[in-house]
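**Q** Whenever a hint applies, use it, and build me the whole structure from the sequences.
Those sequence lines, one after another, are chains S and B. Convert by adding 2 to the 1-based position in the first sequence; the result is the number in the numbering used here. Convert by adding 453 to the 1-based position in the second sequence; the result is the number in the numbering used here.
Some clues are possibly wrong.
A few chain B positions that, by computed beta-carbon distances, are all more than 10 Å from chain S [as the list claims (entries may be wrong)]:
| id | residue |
| --- | --- |
| 1 | I515 |
| 2 | I640 |
| 3 | Q646 |
| 4 | G704 |
Label pairs and their calculated CB-CB ranges [stated by the list, open to error]:
| id | chain 1 | residue 1 | chain 2 | residue 2 | range |
| --- | --- | --- | --- | --- | --- |
| 5 | B | S755 | S | G188 | 32 to 40 Å |
| 6 | S | A118 | B | S755 | 31 to 39 Å |
| 7 | S | R5 | B | T456 | 35 to 43 Å |
| 8 | S | P98 | B | L479 | 18 to 26 Å |
| 9 | S | G8 | B | S825 | 49 to 57 Å |
| 10 | B | S755 | S | R176 | 35 to 43 Å |
Covered stretches of chain B (in silico footprint by chain S; criterion: 3 or more residues with CB under 8 Å from a CB of chain S, positions within the stretch not fixed) [as the list claims (entries may be wrong)]:
| id | region |
| --- | --- |
| 11 | 759-765 |
| 12 | 769-775 |
Since the hints were derived computationally from the structure, they do not count as laboratory data. Even for Gly, the Cβ is constructed at its ideal location relative to N, Cα and C.
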Amino acid sequence: MIRLEGIQRVFQVGDQQVHALRDIDLSIGAGEYLSIMGPSGSGKSTLLNLIGLLDRPSAGIYRLDGGDVTGLSDEEQARVRREKIGFVFQFFHLIPRLSAAANIELPLLLAGVPAAQRKTRVDQLIVDFGLTGRETHRPDQLSGGQRQRVAIARATVMEPSVILADEPTGNLDRATGQEVMNILEGLAASGVTLLLVTHDPEIGHRASRKLRMVDGGIVADERASS
Amino acid sequence: MNTADVLRFASFSLTGARTRTLLMILAMAIGVAAVVVLTALGEGARRYVVGQFSSLGTHLLIVFPGRSETTGNPGMLLGETPRDLTLDDALMLTRSRAIRRIAPLTVGSALVTTHRRSRETPVLGSTAEMLEVRKMSMGQGQFLPGGDPRLASPVCVLGDTVRKELFGNQPAVGEWLRIGDRRFRVIGVLAAQGQSMGFDTDELVIVPVASAQMLFNTSSLFRILIEARGRESIEKAKQDALEILARRHDGEKDVTVVTQDAILATFDRILRALTLAVAGIAAISLSVAGILIMNVMLIAVSQRRQEIGLLKAIGAAPAQIRALFFAEAAVLSFAGALAGLALGLLGSFIIGRIYPVLPSVPPWWAVVAAFSTALLTGILFSVAPARRASRLDPVESLARH
Numbered sequence: 003m004i005r006l007e008g009i010q011r012v013f014q015v016g017d018q019q020v021h022a023l024r025d026i027d028l029s030i031g032a033g034e035y036l037s038i039m040g041p042s043g044s045g046k047s048t049l050l051n052l053i054g055l056l057d058r059p060s061a062g063i064y065r066l067d068g069g070d071v072t073g074l075s076d077e078e079q080a081r082v083r084r085e086k087i088g089f090v091f092q093f094f095h096l097i098p099r100l101s102a103a104a105n106i107e108l109p110l111l112l113a114g115v116p117a118a119q120r121k122t123r124v125d126q127l128i129v130d131f132g133l134t135g136r137e138t139h140r141p142d143q144l145s146g147g148q149r150q151r152v153a154i155a156r157a158t159v160m161e162p163s164v165i166l167a168d169e170p171t172g173n174l175d176r177a178t179g180q181e182v183m184n185i186l187e188g189l190a191a192s193g194v195t196l197l198l199v200t201h202d203p204e205i206g207h208r209a210s211r212k213l214r215m216v217d218g219g220i221v222a223d224e225r226a227s228s
Numbered sequence: 454m455n456t457a458d459v460l461r462f463a464s465f466s467l468t469g470a471r472t473r474t475l476l477m478i479l480a481m482a483i484g485v486a487a488v489v490v491l492t493a494l495g496e497g498a499r500r501y502v503v504g505q506f507s508s509l510g511t512h513l514l515i516v517f518p519g520r521s522e523t524t525g526n527p528g529m530l531l532g533e534t535p536r537d538l539t540l541d542d543a544l545m546l547t548r549s550r551a552i553r554r555i556a557p558l559t560v561g562s563a564l565v566t567t568h569r570r571s572r573e574t575p576v577l578g579s580t581a582e583m584l585e586v587r588k589m590s591m592g593q594g595q596f597l598p599g600g601d602p603r604l605a606s607p608v609c610v611l612g613d614t615v616r617k618e619l620f621g622n623q624p625a626v627g628e629w630l631r632i633g634d635r636r637f638r639v640i641g642v643l644a645a646q647g648q649s650m651g652f653d654t655d656e657l658v659i660v661p662v663a664s665a666q667m668l669f670n671t672s673s674l675f676r677i678l679i680e681a682r683g684r685e686s687i688e689k690a691k692q693d694a695l696e697i698l699a700r701r702h703d704g705e706k707d708v709t710v711v712t713q714d715a716i717l718a719t720f721d722r723i724l725r726a727l728t729l730a731v732a733g734i735a736a737i738s739l740s741v742a743g744i745l746i747m748n749v750m751l752i753a754v755s756q757r758r759q760e761i762g763l764l765k766a767i768g769a770a771p772a773q774i775r776a777l778f779f780a781e782a783a784v785l786s787f788a789g790a791l792a793g794l795a796l797g798l799l800g801s802f803i804i805g806r807i808y809p810v811l812p813s814v815p816p817w818w819a820v821v822a823a824f825s826t827a828l829l830t831g832i833l834f835s836v837a838p839a840r841r842a843s844r845l846d847p848v849e850s851l852a853r854h
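**A** Have a look at this one:
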């Protein structure tokens, strides 16, 4: 469902050109659970942002569900992001003045879903993610693990086909990290395509397909022989 | 995303930054309040002046002796002296069908003496018609008697202040007093009504016009007041008066007739212009508030980069981001305008309490203009910040700085 052909991403830093991604060819099937590992600056976050349509490639073609999304306008790309992609970030990125429930509701709000439907959907997720009793709390009243669960609930509230997680456990202790991984893997098991960027090998090795990146190129692509 | 959701989200952003929001609302409110209060004052002044003129009587014309006109007459050494207006001139004016009634006026100043006190007072000579023409009302007794105005009867009518000064709490009607070297009997007292076009009727003593002419040893009149039959006959009355007086003065048009309407219209125009000018100055403070809104919104955009980046990541289109910031500015200026309106109305109310003579009510056009200007500047000045927000690069905004 995700096909990258000859993707390049070049940044201009001063008068120097930095190749963040070089000639990436990658194809990811629906429902795959894939981890991207590599040292800092290897281009893994850039690749994730590109797949999430937050960034545009300097060259190459990106097809999502068979359609070329490289040339779409900003408005059209926003629509694709809203409907097909969910983001989970290292620093959660919850809106501090909104309650947990309101943060989860946000994508539905942007999509113009009627209020009654929004409520049913959010209430369901609050139960599913074990946030009952916390829905009216603001992010600064929640623990790290709870914040990341709110963020994942927000990423899944539109029922996207792809979830992109950039170091989702990077800011959590080991136990809560485990808990968050369990939730994400639960989503992957239910058929969602999960892309996970991490530099924690222990977490990276849990994926069924492991990419390794160095200097903007993919140097290894292993599938678990299960 | 429907409008209600956008507005709710914007309100949440505003309540999130309380101090900033309150300061912005204050700036906006001061601008709006300034416009409202200043126009209320201007409008109050205008209504005050118009009211003063109206209290003179509605279809009033005033005849002055003399005419401003430059003439050259080589045969005479001295310049032309206008003929005096006489009582007979005045009485002739009633022949015009457009004129309902007239009141000749003679003015002088004389010492008014009772057996205890005396006082230098302006003395007005007129006829019974004066009461109607000037729309005055009586406090006690009656006004000058009708009949032939050429007869000098020894009666007088006192203004309320004069009565108080001369008689104190004693009854005045029926008493005798001395004006100059003649004796007069008080037959009435005017109701207190205060200033009206420079003449304080409370300070006057009114006697029959013939008596005044004898008192001041003159046969001329100071003014003739004319009341036209109706609003539409004012112009006709003016023409008739000019014509009749010219005929009596050997064809010389040596009088000036001023209609109250003309004076009123001039004052009305001047004061309206003044109100507009004052409103314009106040509007400057409104535009300053607008620039302030832009400034604060720009700061808000850079402070909320992460939030904007996140909104983009979860699927907000550029147009939606713009709408959110617009809505925020709109809610802000709406609240500010509302607060300013309340403040302005309260201010004009207080001014009205302190100066009851000034009917300081802001005109509706000023209220509407102040409100919509506030809203418009707020939204207009948020265009740039909203555009900047919608163009932020999400990857950069989400990166931790």
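**Q** Which of the stated hints cannot be reconciled with the structure, identified by number in ascending sequence?
**A** Violated hints: none; all satisfied.
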